[in-house]
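Residue numbers (full-length UniProt numbering), protein chains in the order written: chain Z, 1 to 758; chain A, 1 to 758.
Everything labelled a hint here was simulated from the structure, so no lab data went into it.
Treat the hints loosely; a few may be bogus.
Claimed, not checked - With the Cβ distance kept under 8 Å, some of the chain A side facing chain Z (calculated, not the full set):
1. P142
2. V206
3. V220
4. Y242
5. V246
6. M263
7. F290
8. A293
9. I525
10. K606
11. N607
12. L620
13. V658
Said to hold, decoys possible - Okay, the calculated bits of chain Z under chain A, using three or more residues with CB under 8 Å as the criterion:
14. 204-217
15. 258-265
16. 281-287
17. 429-441
18. 523-533
19. 604-615
Stated by the list, open to error - Part of the chain Z face toward chain A, derived, beta carbon under 8 Å:
20. K223
21. I233
22. V270
23. T273
24. I515
25. I518
26. I537
27. N580
28. P584
All values derive from a computational prediction rather than experimental measurement.
By construction, the Cβ of each residue, glycine as well, lies at the ideal position given by its N, Cα and C atoms.
Protein chains: 2
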Amino acid sequence: MHILVLFFQRVLSDGCSLKSCYRNKNIQNSFDKLIRCATPFNSKFDLATVYVSDAQYNRNIFFDTSPQAVRLYLLYNHWFMQTLVYAFIIVNLALALFEDPAVVPLPIWATSTIEIICLSAFSVRMVHYAKVIPKDKFWKDPKNICIIVLSFIDLTIYGALKSTGYFAIRWSRVLRPLLLVNVTEGRQLRRAFRSIRNALPQISYVFLLFMFSVLVFSLVALKLFGKRGLLTIDGSPYFTDYLDIVFDLYVLVTTANSPDVMMPAYNYSVFFTIFFILYIIINTYTFMSFFLAVVYSNYKKHLKEEVRQLVKARRFKMCRAFSLLHEARGEGGEPVVTQTKWNHLVKLVKPNINIAHRELLWSVLDDQNKGHIGKFAFVQLADLLSIQVITVKSQPHPIQICFPSMYNSPVSRFIRYVVHQRMFVYVYDLIILVNAVFIGLDEENPVVSNAEWGFLALYMLEIILKLYATEPRAFFARHHFWNWFDTIIIVSALFGTIINSALKHCYTSRQILDIIFILRVLRLIRLVDSIKRFRAIINILIKIGPTILTFGQLIVVVYYIFAMVGMELFKGKVQFFEPNSTSPDQEYCGNPLLKGTTFAKLNYCKNNFNNVVSSFIVLLELTVVNQCGFTAVTHISARIFFVLFHIVVVIIIINIFVAFILEAFLVEYTIDKSDLQTSLEKKIEELELNVQQYVPFKPNRIELNRSIEGLLLLYFSGSRTVDGLLQRMFETDIRPEDFVEEEEPENINFSNPVFDSV
Amino acid sequence: MHILVLFFQRVLSDGCSLKSCYRNKNIQNSFDKLIRCATPFNSKFDLATVYVSDAQYNRNIFFDTSPQAVRLYLLYNHWFMQTLVYAFIIVNLALALFEDPAVVPLPIWATSTIEIICLSAFSVRMVHYAKVIPKDKFWKDPKNICIIVLSFIDLTIYGALKSTGYFAIRWSRVLRPLLLVNVTEGRQLRRAFRSIRNALPQISYVFLLFMFSVLVFSLVALKLFGKRGLLTIDGSPYFTDYLDIVFDLYVLVTTANSPDVMMPAYNYSVFFTIFFILYIIINTYTFMSFFLAVVYSNYKKHLKEEVRQLVKARRFKMCRAFSLLHEARGEGGEPVVTQTKWNHLVKLVKPNINIAHRELLWSVLDDQNKGHIGKFAFVQLADLLSIQVITVKSQPHPIQICFPSMYNSPVSRFIRYVVHQRMFVYVYDLIILVNAVFIGLDEENPVVSNAEWGFLALYMLEIILKLYATEPRAFFARHHFWNWFDTIIIVSALFGTIINSALKHCYTSRQILDIIFILRVLRLIRLVDSIKRFRAIINILIKIGPTILTFGQLIVVVYYIFAMVGMELFKGKVQFFEPNSTSPDQEYCGNPLLKGTTFAKLNYCKNNFNNVVSSFIVLLELTVVNQCGFTAVTHISARIFFVLFHIVVVIIIINIFVAFILEAFLVEYTIDKSDLQTSLEKKIEELELNVQQYVPFKPNRIELNRSIEGLLLLYFSGSRTVDGLLQRMFETDIRPEDFVEEEEPENINFSNPVFDSV
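If we strip away everything but chain Z, and leave its shape as in the complex, we get (with noise of 0.2 Å):
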């Protein structure tokens, strides 16, 4: 009777899967077991087993191969480090709340005090990392060692002059979000950022092609608008200044003065829209698309190429490990690893497999039976591990262990029966679907706030319904995510619902009921999972997530940078007034220069730069709309930094993000299943083990809920990490020379530079 779920999370634990720590099973992580752990049992296995994991992460650093740096090695792979340094680069980033300009103004001194234990921290790091690869591999990269120094120079001289009552600025802010790129682990991000810089030079002719027709374009507004004496809603000359005219048409790709920068042209002439409308056309739609287009076409070309020198890579690195462990046995000699080692091998890597999953791989892999395999077999280890395999023993419901007679009594079975019905889901779906009406209507209604009890008794109902007819365990299963989704939303619900009516005598807390409703209202969310088309677009959400994932760094890196030098250039331009300030100058925020401005009209106050959260929510609403107020309350020339940020974010980020969704939803929705199952999938199907393709969001409650009264189930699907999806992206496209080149004897000192250097 066990539940066994073997997840990929467990990633990050293998730092120390050493052959002692396996004996040990009961591994405690403090640091000096660990130490223990990292003393070589057999050299060549620890060598074998760090080559096979690196293969399996995809990690590609060219570490040193002395038994002391591959322990020191298993130690900088170790997730306490990790971890660690991530906390590092975190705290060195929030430190933006605390400084000048302050959220939580903290004095300098303790924020000083803080980045220079951060900068410390990264000092070690990067000392342990030179321990582990050669000194010549590690002086190629300095970019770590320069924004350190330059960190601590820019520290010193902020903190000498301020000391001494000097104006500065503290810079090298700037720099710190370039940690969370140049980090080991930011592995996705450092390709990301390359597949940008492959791009640049593309994108760069469309844009001055794009620049050149802008600039074409405002000289003829120049000419035809500007000597007719037009004026704009606010009444100031309209299109008298080239650089005026340029920018208000840069904007106007934007799409933010859409109708406005038109309209007095529009009121003078109705043939004036003519200019508008071939600009529209020209600019707004083909060179905007054509900018999605060469983005997507270079994403794509070159990601396909980083994916195959990753193959590559993890060929190449299973073959080291295969000339490690191999001996001459096959027919002619050939080498072969044998099953004992193999064995041993996978039990260093995944110290927690257990027997029933060690012996499908290899099954997998030899499936002829010989005992031993080759290595065109052995290699396929690293993709193997990569696969999500969950087993799964049914066992007897507590209740039939306790009561058999009243489990197995015809009520409780039709019981069961019923709650296994799709009519079942289909009512609760129409119960979901009426609570929605009650949470629209007014809660202050008694009705409403009586039946809100009615509904969670029935939710609660279902919950237990379903644990009586399935196996608790099984039930709470961690891929059963909506189950857990469920429980976690009804049973706090309840909570906050009891706690809320407890204290409503004393006095209503907004908070409470806040949180209180936005629990009703996720619950509304399971109704997708009841229909089949929605949850494959959902599916397909969840795939691409863990890259919309490294998207969100991406965009944090820049949004930083820019949020950094905005603070700078625009602090304090812009006052926010809380609502019921009676200050005079809250009309024009605070700023007489924003007198009569639209900016300052639309009571657009709090949209400044005066905090790095304000500066992060004001660069949102520049990606959505770039509108810039900003540029009246400093010089003209501002208007440079927010046509930058619309070149960095909405044209070149933004357009690979939407390249991304594109190729990953092509991928998932157009290709056969058949095409991606891949040769491991395909031979897992042909040992005719009752398997079944295991969907992130289960396949349908019901159905999933009764095999699991089966016997072994065994659910599996492809890696679902970035680098699993990337490679399946361009699974067809990828050459099979690629799969033999590691052959070659010159390839041995393969240093794989590509994924190191940004």
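On the provided structure of chain Z, position chain A as indicated by the hints.
This is chain A only, laid out in the frame that chain Z set:
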């Protein structure tokens, strides 16, 4: 001494390409002669000719094969008839300008008479079509008949109601643009509509999920913000009505109300921005990208299938032509077509083909000089004829003939040498740049206005020098776009400037000045041609030009329908007053309901549905940014109109446009040239003729001029039609099976019904 330019544009003049016509080479397009031409000389050849030209131009009409019907079919496809039909369609569509609400009002009897004439013309065309194709096929597609009958009915009802003074709506005007789609020649447009219809199910699933997400977010917004008593900038309660929230959040997806909708919540608490950030990430970015992805993947899939059908149909028609002409003569008695018959056929299909060109085509097909070709080679004729071939015979310069000694003198030679230098182009690029600066300066400055004369002289000098160095007829060859462009721009500017300075002493006409300024600015465009990278991008633009025109028609159809509905809904609700008007209604666009709204404040009064021109402009504005002040002047349900327009135009059509540009760009930009060269182009190269790839814009001004001094030149390029581009797009994806399938006897009745129904 002759220049033969065989252009694809000859397409439409092939209707009467029979033997009798060929003999009487002086075809005049009188109706009488046309009928005489159509009299069959040899009915087998007639039918074969029809098949070949149908295959060449991808016509897919299942016509009767009786000599009588074939003759009518030729008449039906005559360019004059086709032009006439399009002229009637344009007149019919243009009636909207004169009907109430009119730009230029005409009495009802006038517009009705014109419409009756147009409808009668369409009816005649329908009758003609009915005579060409079998009766049962004709009645299978009654769409056109319905449109005509419904239009007549509506016209009668409207006339009757109006004459008796009742209220009446011309609802059949919505059907007018559909004729543009349903007309036999509207193949591309029908295909675009089909690809939309095919993508609809997928789009609707994503759309439903998207709407579900919007509805859930709106519910959260209602619960979070509704009870807090927040106010929007114009003092109305913020987020208290569910349907209003849904609409506001939907508009947020179009980014039209981007920061405004968020500001009240943001001003209240910074934490509420999390709601909007999540909304923007999920709905504005992810779902909008999903729409593009769905449209793109469906578009690609269905288009590929259509092109496959197209290729199949083409091969089938060529096979039928072959079966009409073949005789058993090859090895083993396999059917072949002799050169005599083939020559005869080609003469019939393309009467204006010159012998050199025909011989070349034959040598490409019969590469072993057997004197006859098999089925496989014969089938390629349609593709071969689609290739643009421009034969240019070099000839001495007229001056060289008249004054040989002068033309060959060292000075003359030096001049010609200089003109052909790369430096000459650079110098003129520099002159254009300097000119750009002068254009930007104030033209009332006497230095600037006099400099214009200098520039004009320089440009005239350039043209004269080039004409001196290059044979004039070669210089003005039809494919030398930039030579024509330069000459027209400069000569018109010269005339304009002379007229303007002649009139200056009397009065200054802004219209003439406007034209002169635009001509001056247009000169700058030539700079683009000098930079290789820019030329490559421009070439892609030109390649996709014809298809962008198809999308133009698509947009016109959709805009027209929405304009007709919009005019009925909103006509006269918003008034525009001339800027110098003193009417007090001017402030609120003549509608008290607009008092104090942003719509009136920003002076959007001219954005109304009062006539078809302003309706089109409003719809364009709605395409760029969906703004909907109109809901204030009518019922709130008018919002449905704007949401529907957004779904149809922005979510579907604009995305199809982007999808097409993406696909075309990927084909033109990333696939190697060698992949794209069809087997035909390779064959021509194999013949080692002096062949140059013909690019729409000449590859390099000088190199081309030089090579014209050679002997015989043959430029060719893949066909530039939409079908040609599409075929190229999916060339690699079309399976070779499609090229043999037509051999099957059961396919003889292939009616290709996909291509004549929408």
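Q) Can A293 of chain A be said to touch chain Z, with a Cβ gap under 8 Å? A) holds, 4 Å
Q | Interface restraint verdict for V270 of chain Z against chain A (beta-carbon cut-off 8 Å) | A | With Cβ-Cβ at 6 Å, under 8 Å, it holds.
Q. Within the assertion that chain A covers the stretch 258-265 of chain Z, do at least three residues meet a Cβ-to-Cβ distance smaller than 8 Å?
A. holds (count 5)
Q.
Under 8 Å is the threshold here; is the Cβ of I537 of chain Z close enough to any Cβ of chain A for the hint to stand?
A. holds, 6 Å
Q.
Hint T273 of chain Z vs chain A: min CB-CB distance below 8 Å?
A. Because about 5 Å separates T273 of chain Z from the closest Cβ in chain A, which is inside the 8 Å limit, the hint holds.
Q) If you look at each residue in the stretch 604-615 of chain Z, do at least three have a Cβ nearer than 8 Å to any Cβ of chain A? A) Coverage by chain A holds for the stretch 604-615 of chain Z (5 residues, Cβ < 8 Å).
Q.
At least three residues with a C-beta closer than 8 Å to a C-beta of chain A: is that true for the stretch 429-441 of chain Z?
A. holds (count 3)
Q) How about P584 of chain Z: closest beta carbon in chain A under 8 Å, or not? A) violated, 18 Å
**Q.** Interface restraint verdict for N580 of chain Z against chain A (beta-carbon cut-off 8 Å)
**A.** violated, 11 Å
Q) Would the hint on V658 of chain A stand, with a C-beta cut-off of 8 Å toward chain Z? A) holds, 5 Å
Q.
Hint I525 of chain A vs chain Z: min CB-CB distance below 8 Å?
A. I525 of chain A check passes; min Cβ-Cβ to chain Z is 7 Å, inside 8 Å.
(Q) So, as I understand it, the hint says Y242 of chain A touches chain Z; can you test that by seeing if any CB pair is closer than 8 Å? (A) Because about 6 Å separates Y242 of chain A from the closest Cβ in chain Z, which is inside the 8 Å limit, the hint holds.
Hint compliance for this structure: hints 1, 5, 24, 27, 28 are not met, and every other hint is.
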